[in-house]
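In the order they appear, the protein sequences are chains A and B. Under our numbering, the first residue of the first sequence is numbered 1, with each subsequent residue one higher. Under our numbering, the first residue of the second sequence is numbered 467, with each subsequent residue one higher.
Note that these hints are calculated values from the structure, not bench results. All residues carry an ideal CB built from backbone N, CA and C; glycine is no exception. It is possible that part of the hints are untrue.
[Said to hold, decoys possible] With a straight-line cut-off of 20 Å between C-alpha atoms, the simulated PhoX-like cross-links for lysine-lysine are: (1) A/Lys45 - A/Lys130; (2) A/Lys315 - B/Lys781; (3) B/Lys596 - B/Lys511; (4) A/Lys163 - A/Lys173; (5) A/Lys130 - A/Lys312; (6) B/Lys781 - A/Lys260; (7) B/Lys726 - A/Lys375; (8) B/Lys781 - B/Lys890; (9) A/Lys357 - B/Lys781.
[Stated by the list, open to error] Chain B is nowhere near these chain A residues, computed Cβ spacing over 10 Å in every case: (10) Arg7; (11) Asp65; (12) Val80; (13) Tyr100; (14) Glu102; (15) Asp299; (16) Ser349; (17) Trp387.
Protein chains: 2
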Amino acid sequence: MEWGELRELILRRIRPSVEEERLVEAFCRRVSGELSERLREAGFKAVAEVHGSVAKGTWLSGERDLDIFILLDPGYERDVIPSVLEVVKRYLGSGWVEAYAEHPYLQARIDEFQVDFVPCFRIRPGEPLKSATDRTPLHTAYVREHLKPEQRDEVRLLKRFMKGIGVYGAELKVGGFSGYLCELLIIHYGSFEELLEAAARWRRGTVIQLEVGPDPRELRRRFGTPLIVVDPIDPNRNVAAPVSEDSFWSFVAASRGFLKAPSEIYFYPREERPEAQEILEALRLRGSDLLFVVIPDSDVDVPDILWGQLYKAEKALRGLLERWGFEVLRSAAWSDEASRHILLYELESATLPIVEKHMGPPVEVVEHSERFLRKHLGSEDLISGPWIEGGRWWILTRRRWTGARELLRHHLEVDGGRGIGVPKRLSRRIREGFSLLLNGEIEPYLEGDFISFLHRFLCGRASWLH
Amino acid sequence: MEWGELRELILRRIRPSVEEERLVEAFCRRVSGELSERLREAGFKAVAEVHGSVAKGTWLSGERDLDIFILLDPGYERDVIPSVLEVVKRYLGSGWVEAYAEHPYLQARIDEFQVDFVPCFRIRPGEPLKSATDRTPLHTAYVREHLKPEQRDEVRLLKRFMKGIGVYGAELKVGGFSGYLCELLIIHYGSFEELLEAAARWRRGTVIQLEVGPDPRELRRRFGTPLIVVDPIDPNRNVAAPVSEDSFWSFVAASRGFLKAPSEIYFYPREERPEAQEILEALRLRGSDLLFVVIPDSDVDVPDILWGQLYKAEKALRGLLERWGFEVLRSAAWSDEASRHILLYELESATLPIVEKHMGPPVEVVEHSERFLRKHLGSEDLISGPWIEGGRWWILTRRRWTGARELLRHHLEVDGGRGIGVPKRLSRRIREGFSLLLNGEIEPYLEGDFISFLHRFLCGRASWLH
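Start from the sequences, fold in the hints, and give me the full structure.
Next up, the structure:
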């Protein structure tokens, strides 16, 4: 299909209709108006405003996630937040949940909308922040001022594209591009296609500045991320900081692929949901070994903290396996964010030969040589040697760990993996119980989203690569 | 045992008795006298002289190997050699064998002596050589002049020590210290013990000059060997050139060990001759895989050529195995120098997992990325991916060779291993037939010296290390 035609087809799915726009705007006006009134009545110098994609006209049709900010007068300090949230709670009546990021906020379902009520302090550009969310109103104002109305569809196409290739969202789980970053990129490059043309040629350390700012070399040194997009309302902030190296290169590669052969698949990847039996059959035929660490969790952290811990644990166990000679082909972490986490490792083999070659010191270095000989000549683990080869001492020894499962079990049982770098909270969960499963033993856990996840892992290919 | 006491015990075994000296000297006088006479009668300006250890009084008791040189007048050219050897043949009557190194010579058994008759040209120090053996008479003269009579026992101790630790002999098979080199080392350091004291501290690039010569740095650059001993009768020649790195460090390490705890074992290692069944049992218990290449040979080359080819072939096959991902723990070559050669490889495992991780180009490099994707996306060997990790493309592919035996068989059958670097003459033997045997399959070949060799290989420890 021609790109022009495809573009229209996709826009028809993601651009809100006039009716939807009216509905959403009416809802926003009503809730922010009512809440502002309540705040005023309660004696607060504060107003409720809608921010996020709805406020900027860049939300995708069907989305009903709203951010309502409570802008507090700059005279207040952070200790006012609880009493402000009390006003919101009274307004909502019931059905709210208190959540906590850098400071507390409320989540509530109203009609068909999922609304976050976020307190923040009104500041002007350049002023110091009182809370991490204080910048948001300035971001809204900047985008409203600089994003032309006809560019809103460009942002929508970009967001859908990024969702399709799996790099949308600044949360730790994804490590991708935030909505605000998408808007800045469109403002900077003009359109979806112009952005992709540029991204196809992005290199490590690409610097994008919408306002005049410091030397790019200075920014590269300071931020060190593959992509640096200076926040136009705060030159000390890199809006692209959450973009992981993998997300960055995925976007670059997908941009190239898309420009060569545009396809719907970049926006709407095929969702395959194979049967558990198909997965088990694939595991049997594969030839490698898959080792799963299943961790039940009765008290799950907020996603960004959880995923931070999961990714750290994944790396820690991978490092352990590699240090003991296991060839880790890939690894990944999965969680239902509710009651179960699974780390998985694909290994060339979960068992290693018992004999291992071990390099000793150069013969030339007298003291090290003597220590090496003293240490190994009487050792029970010595299989052969020491002999001299290439000016060094060498021996064959019995490998300490020949099974990957036993190696992990040992370290997870001792202290939940704390000693090898598993973060504290997760190691506590692990100490309460975990399972180490090999290949087909994962069968009882093959359900729901984990099946799709494991299927994608085994395929290992970016969804848009065909 | 005290070193003084031990030293006497060993000297008693290696120092020829007065009777033996008389016997050997009488034999030398008789043969060289008779042969000189025959040469004179045949009209040659040439004399027969004894050289080698007997001529220098440094042979070990019981040794009956003699070098008788036919010193030709410098007026002759190389083409005179065949007719000179004719005279020797007539003198010997029967029982001689013609051999060939750089030029032809004769080997014969006379009484209890094994004698080499080597033609050479009489030259003076500094004059150009006509054949590689022309230096020998000058070496004899140098040693006779500089080695004090009481140092002859020191040379004998040194030779026995080097034989004991397996580094005696300049031939390619050993890559060790020649008799002449032993004599020079004793002349330079004074005594066996003083040499060992020095050798214990030798470093890579040790330079020894008995006469004034060039700057050591210049010599290191020119020769590049771990040990450099300038020939006092030819400053352009490094007498230690044949000393391999492994022999050098073995001597250094053994010197250190001996000085700490002198023992007879350095001079007379325990010769263990286990039963074939013991070897097979050791192979079964070991946990690694031993792969043997057995090459029958009906037309064996002279040892130095044969061993050059065997060592090259050993390395070539080892490189092949390593390139295809097999972990080679050790390798070695054995030959009976008559009808059978065996290359052996100890592998962590003779089989590898079928799945292999393969690194692609950086995503940043557009053209390489495209080529990589084009090449692998349709490939039958692709198991998983391509995916992006750390800025690069990665895939899992089916390994081409999962069995070490099949890999070697393929390359040896195609062209005798010529394409991977097996030397020509040996590759011809291989094309005529070879066996690839794994572990216990070597049983039919477990006989004679090969049993001891394999036993030492499996033990892998220098004989003097205890």
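Distal placement of arginine 7 of chain A relative to chain B, Cβ over 10 Å = Nearest chain B Cβ is 24 Å from arginine 7 of chain A, so the label holds.
ask   = Hey, lysine 726 of chain B versus lysine 375 of chain A, does the alpha-carbon distance stay inside 20 Å?
value = holds, 17 Å
query = Taken at face value, is the distance from the CA of lysine 312 of chain A to the CA of lysine 130 of chain A at most 20 Å?
reply = Violated, at about 30 Å.
Distal placement of valine 80 of chain A relative to chain B, Cβ over 10 Å = Per Cβ check, valine 80 of chain A is outside 10 Å of chain B; nearest 46 Å; holds.
message = Using Cβ atoms and 10 Å as the threshold, tell me whether serine 349 of chain A really stays out of contact range of chain B.
response = Nearest chain B Cβ is 5 Å from serine 349 of chain A, so the label is violated.
query = For the pair supplied as a hint, lysine 357 of chain A and lysine 781 of chain B, is the alpha-carbon distance within the 20 Å limit?
reply = Judged against 20 Å, a Cα distance of about 18 Å means the pair holds.
request  = Assess, step by step, whether the Cα of lysine 781 of chain B is no farther than 20 Å from the Cα of lysine 890 of chain B, and give holds or violated.
outcome  = holds, 14 Å
key: Interface-negative label, tryptophan 387 of chain A against chain B, beta-carbon threshold 10 Å   = Not fine: 5 Å to the nearest Cβ puts tryptophan 387 of chain A too close to chain B.
ask   = Given the hint that lysine 45 of chain A pairs with lysine 130 of chain A, does the C-alpha gap stay at or below 20 Å?
value = Given that 20 Å is the threshold and the Cα spacing comes to 16 Å, the pair holds.
Tyrosine 100 of chain A remote from chain B - nearest C-beta pair above 10 Å = Non-interface label on tyrosine 100 of chain A holds, nearest chain B Cβ at 33 Å vs cutoff 10 Å.
ask   = Hey, does glutamate 102 of chain A actually stay past 10 Å from chain B on C-beta?
value = Fine: 30 Å to the nearest Cβ keeps glutamate 102 of chain A off the interface.
key: aspartate 65 of chain A non-interfacial with respect to chain B [C-beta, more than 10 Å]   = Holds, since 29 Å exceeds 10 Å.
Violated hints for the displayed structure, listed by number in ascending order: 2, 5, 6, 16, 17.
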